[in-house]
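Visitor: Spelled out, the chains give:
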Amino acid sequence: MGYHHTAGHRRYRFDDLRTLLAAASPARSGDALAGIAAASEAERMAARFALAEVPLSRFLDEALVPYEADEITRLIVDTHDAAAFAEIAHLTVGDFREWLLRHETDGETLARVAPGITPEMAAAVSKLMRNQELILVAARRRVVTRFRNTLGLPGRMAVRLQPNHPTDDPRGVAAAILDGLLYGCGDAVVGINPAGDSLVAITDLLRLTDTLRERFEIPTQTCVLTHVTHTLRAIEAGAPVDLVFQSIGGTEATNRSFGIDLALLAEARAAALSLGRGTVGDNLMYFETGQGSALSAGAHHGVDQQTVEARAYAVARHFAPLLVNTVVGFIGPEYLYDGREITRAGLEDHFCGKLLGLPMGCDVCYTNHAEADQNDMDNLLVLLAAAGVNFVMGVPGADDIMLNYQSTSFHDAAAMRQLFGLGRAPEFEDWLRRMGIADDGGRLLPVAGRHPLLGLAEELRP
Amino acid sequence: MRRPVPPDPWHPLRALTAARIGLGRAGDNLPTDALLRFGMAHAEARDAVHSPLDAAALADALAERGLAPLAVRSEARDRAQYLRRPDLGRRLAEDDRAALAAHPARGADSVLVLADGLSAAAVARHALPLLDALLPRLSGWTLGPPVIALQARVALGDEIAEALDARQVVMLIGERPGLSSPDSLGAYLTQSPRRGRTDAERNCLSNIRPEGLPPAAAASRLAHLMVGARALGASGICLKDESASPGSLRAAAHEGACSTQNREKPRN
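Those protein sequences? They're chains A and B, same order as listed. Quick note, the first sequence lines up with residues 12 to 473 if you use this note's numbering. Quick note, the second sequence lines up with residues 6 to 273 if you use this note's numbering.
Hints were generated in silico from the structure; no laboratory data involved. Glycine is no exception: its CB is placed at the ideal position from the N, C-alpha and C atoms. Keep in mind that a hint or two might mislead.
Covered stretches of chain A, as calculated for chain B (at least 3 residues, CB under 8 Å) [unchecked claim]:
1) 53-66
2) 81-95
3) 114-126
4) 340-352
5) 448-462
So, partial list: chain A residues that the calculated Cβ filter (under 10 Å) puts toward chain B [claimed, not checked]:
6) D180
7) A187
8) L189
9) G191
10) L286
11) G287
12) R288
13) V291
14) E382
15) D410
16) M413
17) D423
18) L471
Beyond 12 Å from chain B on every Cβ pair, some chain A residues (computed) [as the list claims (entries may be wrong)]:
19) I188
20) R445
21) L467
Build out the structure end to end from the sequences listed, making use of the hints.
Guide: Next comes the structure, spelled out in structure tokens:
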């Protein structure tokens, strides 16, 4: 069956749901590159009219990627909660938008229906919503997760401290960690993207961060963002692994290109759980995603990049993660061309993740060949802070010298706290107060004299 | 200079890392000097992406070395299209394909391609020093004419070599500029190049510039790889670079950052 809309004398036809969703998606270079974007602005709007009429239940009957061919589709279908869906089962996509915007649809309601919402439903409704609406609805939904502290509480925003170094030099990494801590950052995780992937390099970094955490009794978790198979080896070698990191995508073939499947993720989660390192909870998966990865891997099945991205959240949701990070502008201009497309994608991802019940954070970022700059990042950061994002990145001076891209800085996070009155994870905020890094209101204090972290700086000094 | 905001007391740790640490703060925000330094670094990176390669000057410099370079373009007509359509940057413009196919130099052991990629400055500054150190190491090799390629992606080299019927291609191409490295050159090697070769079938040396992997050192590693690929009859993950330090070389998964695979990135 097809989907139609008539505007004036023009009748638009969309062969299937996949085609309809792609045509309805706000314009972005990746869908154009894939050859699935609307051919004109009018066709895009016609697709949205047609999409608004599609019953939500239709998404349970028409798979975008065949059930037989894709374990993500099977996961979505097999774990769908019909009882939770009952509350919204009578709605079309257009009705669903209005239902989400009603004053009565509060966080509790959203949490109740979340298991009944599929990624495709979330993606579909987002395509009818303006940026402001994506912010408004997402802000109602708090997703709280715990490992060594409590993340996602109302009025709080956490920061991943990202102390990358091009050669994984331990003193260079430690210097950046110290900088971030003294700027009040690191409650989401102290997470390093390693330059090398040898077992020795990875266990060295794990020991370095764990030693620092224990020495200063920091209520946070650490992570080396390496492939899940490396993390499994590190666990076997007895390294102190708090979180299991993995990049994930929204189709089985994308995940195969990443060298993973659902069984491998389950195995790694079980291994990390067996270490029992969480003190206040056991959410220990850290996933990264980003629109465009499926197309890049030649594994998108003709599905638009925003919808495929939402499907990745079904994978994440299955493993009760501590953190899910959409790395929104990292992939480059052939997928998200400019600041406008990056901004839209960041808000869509955050909204869809929250709607599905994920602890959604965002690496607000860009590369130097994208048409974007730090002002675009400021805009998206402010919007996400307003939307109640769980966490953002903290990179020294916003300049990642290992991955060669620009993100948000420790300074940026502090500015958002000032602007919106946002606190940190409560356990971490207490620690900052005890350490004399922040005052009772959470504001950064000048650090001087015999501060213990400056003692560490003295030890590191060349 | 005016200094209303002092740097942080741990500022001396800057000696340990190029990361922008210990900057100090005005309220919660950057001091003016740090703000402007960041802006300048970004401006240089942007200029590197958008400034065209001076192909004529490069051709003259090659001619001075007794080489007779050819010039080709990809199907990407300009930078804006190049950035949006990497697939076009991997395909030779039709006229140029025909010209290469008609060129008398056939069956060379290797052909060297100098390509703008995402940083013309990288090629303009570092390709010639690299060649000057590389060519003396290739005595006994039959080299095809060097090819200057514009609006080029890495895989364009495979089609160029295929059209010239060469057994190997080395693509010297400007990498995606970083904030502190606007002029990093990458070297990509494919044995038995032809259209459709995957990234896993290439080897890559990244970050070639005086502050990274200096051109002379890169030439030594590259010669080693070229000899190895020729002997093995293959390149990519099956070819190990034993002269490399751990982690500094691997099969080329990503243009512009072949040493950073821990964050999933698009292929170029």
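Visitor: Hint by hint, say whether it matches the structure.
Guide: Hint-by-hint comparison with the structure:
no.: 1; hint: 53-66; result: violated (count 0)
no.: 2; hint: 81-95; result: violated (count 0)
no.: 3; hint: 114-126; result: violated (count 0)
no.: 4; hint: 340-352; result: holds (count 7)
no.: 5; hint: 448-462; result: holds (count 3)
no.: 6; hint: D180; result: holds (7 Å)
no.: 7; hint: A187; result: holds (5 Å)
no.: 8; hint: L189; result: holds (6 Å)
no.: 9; hint: G191; result: holds (9 Å)
no.: 10; hint: L286; result: violated (22 Å)
no.: 11; hint: G287; result: violated (26 Å)
no.: 12; hint: R288; result: violated (22 Å)
no.: 13; hint: V291; result: violated (28 Å)
no.: 14; hint: E382; result: holds (8 Å)
no.: 15; hint: D410; result: holds (5 Å)
no.: 16; hint: M413; result: holds (7 Å)
no.: 17; hint: D423; result: holds (8 Å)
no.: 18; hint: L471; result: holds (6 Å)
no.: 19; hint: I188; result: violated (10 Å)
no.: 20; hint: R445; result: holds (19 Å)
no.: 21; hint: L467; result: violated (9 Å)
Violated hints for the displayed structure, listed by number in ascending order: 1, 2, 3, 10, 11, 12, 13, 19 and 21.
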